[in-house]
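**Q** This is what each chain is made of:
Protein chains: 2
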Amino acid sequence: MWHENELAEYLDIRYPIIQAGMAGGVTTAELVAAVSNAGALGCLGAGYMNPEDMRKSIRQIKQLTERPFGVNVFIPEVPKVSEEEINKANDWLRPFREELNISEPPEVKQPDAHLFEKQIEVIVEEQVPVCSFTFGIPPKKAVQQLKKEKITVIGTATTVREAIMNEENGLDMVVAQGSEAGGHRGTFNGGFEEAMIGTMALVPQAVDHVNIPVIAAGGIMDGRGVLAALILGAKAVQMGTAFVTSVESGANVRHKETILKSIEEQTVVTSAFSGKPARGIRNAFIETMAEHEKELPEYPVQNTLTKTIRSEAAKQNRPEWMSLWCGQGPRLSKQRSAGEIISDIAAQVDDMMTFKL
Amino acid sequence: MWHENELAEYLDIRYPIIQAGMAGGVTTAELVAAVSNAGALGCLGAGYMNPEDMRKSIRQIKQLTERPFGVNVFIPEVPKVSEEEINKANDWLRPFREELNISEPPEVKQPDAHLFEKQIEVIVEEQVPVCSFTFGIPPKKAVQQLKKEKITVIGTATTVREAIMNEENGLDMVVAQGSEAGGHRGTFNGGFEEAMIGTMALVPQAVDHVNIPVIAAGGIMDGRGVLAALILGAKAVQMGTAFVTSVESGANVRHKETILKSIEEQTVVTSAFSGKPARGIRNAFIETMAEHEKELPEYPVQNTLTKTIRSEAAKQNRPEWMSLWCGQGPRLSKQRSAGEIISDIAAQVDDMMTFKL
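Protein chains in written order, with my numbering: chain A, 1 to 357; chain B, 1 to 357.
Treat each hint with caution, since some may be false.
Identical chains blur together in the list; that is why a pair holds if it fits in one copy or across any two.
[As the list claims (entries may be wrong)] DMTMM-like mimics (lysine to aspartate or glutamate), calculated; alpha carbons at most 25 Å apart, straight line:
#1 Lys-261 to Glu-167
#2 Lys-334 to Glu-295
#3 Lys-261 to Glu-168
#4 Lys-294 to Glu-193
#5 Lys-294 to Glu-194
#6 Lys-235 to Asp-344
#7 Lys-235 to Asp-351
#8 Lys-62 to Glu-295
#9 Lys-235 to Asp-350
#10 Lys-294 to Asp-351
#11 Lys-256 to Glu-194
#12 Lys-118 to Glu-193
#13 Lys-56 to Asp-112
#14 Lys-256 to Asp-12
#15 Lys-118 to Asp-91
#16 Lys-334 to Asp-208
#17 Lys-315 to Asp-350
FYI, nobody ran anything at the bench for these hints, they're computed from the structure.
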């Protein structure tokens, strides 16, 4: 069977499909559990979560499924950002805040220097089966700590060199994120523009240069994409956008609606929301901020500065100022339950294996 | 068999593989004939050719193969470019000309307003089996003229909308060119940046929206890419970079060498050489011209202005100033004969069909 391979066996999942650990509230406990219950691997996007909320979410998931699931965390970054840069960015953001009746810019606090360690501790304590990482290579200590507990560690790469770095640092598997992918670019070794490699080109080249299993991501939305990725040499796929529009997803209803009616030409890679390049549907916020793209405070500072704008825009029904993360396959998005999305994919691949080939 | 489908039957080829009609001397008669003799479709890149040279090449190909082959031509563009723009561009190009001992900038003549019609006439007169187009939709008259002669007409699209336009205008098939592709972007309906869609996302969405066969292009370098593209719904693939490094290719030896030793992060989309965005390996010419990217004379004027620089750089062994077109899969490039490249692909796919699936 197409879905039986060493990765599926290792992770104890029926289908080699991983739901991307999207941060920002998309990955509700219901979504993660529904994906895992359907035979794929659900994943909590805990990037921005404090340890308490993370633990709460993990426990909710455990109440909804007995199947394996994962948690995604971010490698911490502490950029040097000056007061002046922050003030300049706040000037550019003021018109949005005024329109939304947000009285003050959020305070940029020093990030909790131990957040990452605390997140890892929760994952260990809760014995989460899988931990995936974005934005870099996790510190050796964390990798050892997790592997000692038999927790599978998965890294993210956008180039072959980054995939090799993941293998060299002990990661068990690596996601190869093609340029089609929605949301944040995982690039951590060099400029993001050089690392905008299409999935069709990235996956086979990555597969040829590492021995750990490669998980394909970027533009994969249905059974065709899943089987194509396996043919390219991937041992599994990671799908984000396909699950954003699912019934169980916590994405704002306007975000879901916008994806469902968008076409592939409408997404763009922007740093306007977070200070880090990410693919989303072009809107007024992105267009207005485009001219300042190169001068914005680095991630995560810009992310903090736009936080209330994004949340208020969602509350006040203003999708033109929301971060509408989306990959390059929106025409293939569907409003279905996560379980249906997965069973549709499995049926589609079964069908291709039986008839077409 | 994986390679038997309506497109292969229609074109009377054994393998649904088309060698891209790359302009600029890559597609020697030897290459085109070798590809066709190996069971795929060779294609002469006649974009920049005058009718006499084109006819000569077609006749050479006919002497080397009895199998079907194609000719690729460009939809003509006549931009308004001012003397001032040309002078400015020549100022930026002067340092390269001085280094290469090129005494004067090439003269920018009015293009032959009837070149395209004359090219079509040659294709008709020589009864070339396939005619493909880049940079737009061919005029109705040309489509009718070719179809009347039972010459298959193939268009190029970089978005779903462009694919639909090709179908609506009577093209028999359409190449869906993903963002991974080397050489010129075929975008003609809107900005090229919006049309940088990865092959994994572009192909299934295009397939869902047109009834004519879709030919996948971009990042496809071996049997894995070919089979993946067919799984995505394409009826054939078009491969360019894979054939640039072939023994029979007319590409400059330094161009071939540079592809063979490059990695996926090294390509970039630039308008510096021709005034039209194209993907090639980053070098000093691209880097130096980057700051003027938005102010260059439009294609084909900039192409004319850099012509002697490119040809002299090739002669004088200066790859840093040559146009080193290359897709995002250079790690998969091989120095093999075209026939071996095709038989390797066929064997690889046969193997995947037998064992892996």
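**Q** At most 25 Å between C-alpha atoms: does Lys-334 with Asp-208 qualify within a copy, between copies, both, or neither?
**A** between (34 Å within a copy, 14 Å between copies)
**Q** Can you give me the call for Lys-235 and Asp-351, within, between, both or neither, at a CA distance of at most 25 Å?
**A** Both ways: Lys-235 and Asp-351 sit 20 Å apart in one copy and 18 Å across, limit 25 Å.
**Q** State whether the alpha carbon distance between Lys-261 and Glu-168 is at most 25 Å within one copy, between copies, both, or neither.
**A** between (42 Å within a copy, 23 Å between copies)
**Q** Go through the copies and call it for Lys-62 and Glu-295: within, between, both or neither, with a Cα cutoff of 25 Å.
**A** neither (43 Å within a copy, 58 Å between copies)
**Q** Regarding Lys-118 and Asp-91, is the shortest C-alpha distance of 25 Å or less found within a copy, between copies, in both, or in neither?
**A** neither (35 Å within a copy, 59 Å between copies)
**Q** 25 Å Cα cut-off: does Lys-235 pair with Asp-344 within a copy, between copies, both or neither?
**A** both (19 Å within a copy, 23 Å between copies)
**Q** For the identical chains here, do Lys-118 and Glu-193 meet the 25 Å Cα criterion within one copy, between copies, both, or neither?
**A** Classified as neither: same-chain Cα gap 33 Å, cross-chain 41 Å, threshold 25 Å.
**Q** Regarding Lys-294 and Glu-194, is the shortest C-alpha distance of 25 Å or less found within a copy, between copies, in both, or in neither?
**A** both (16 Å within a copy, 19 Å between copies)
**Q** At most 25 Å between CA atoms: does that hold for Lys-294 and Glu-193 within a copy, between copies, both, or neither?
**A** Both. Shortest intra-copy (13 Å) and inter-copy (18 Å) distances satisfy the 25 Å Cα cut-off.
**Q** If the cut is 25 Å between Cα atoms, do Lys-294 and Asp-351 qualify within a copy, between copies, both or neither?
**A** neither (48 Å within a copy, 48 Å between copies)
**Q** Please sort Lys-261 with Glu-167 into within, between, both or neither, judging by C-alpha distance up to 25 Å.
**A** Only across copies: Lys-261 and Glu-167 sit 23 Å apart there, 39 Å inside one copy, limit 25 Å.
**Q** Quick one: Lys-256 to Asp-12, C-alpha cut-off 25 Å, is that within a copy, between copies, both, or neither?
**A** neither (31 Å within a copy, 45 Å between copies)
Hints 2, 8, 10, 12, 14, 15, 17 from the list above are not met by this structure, while the remaining hints are.
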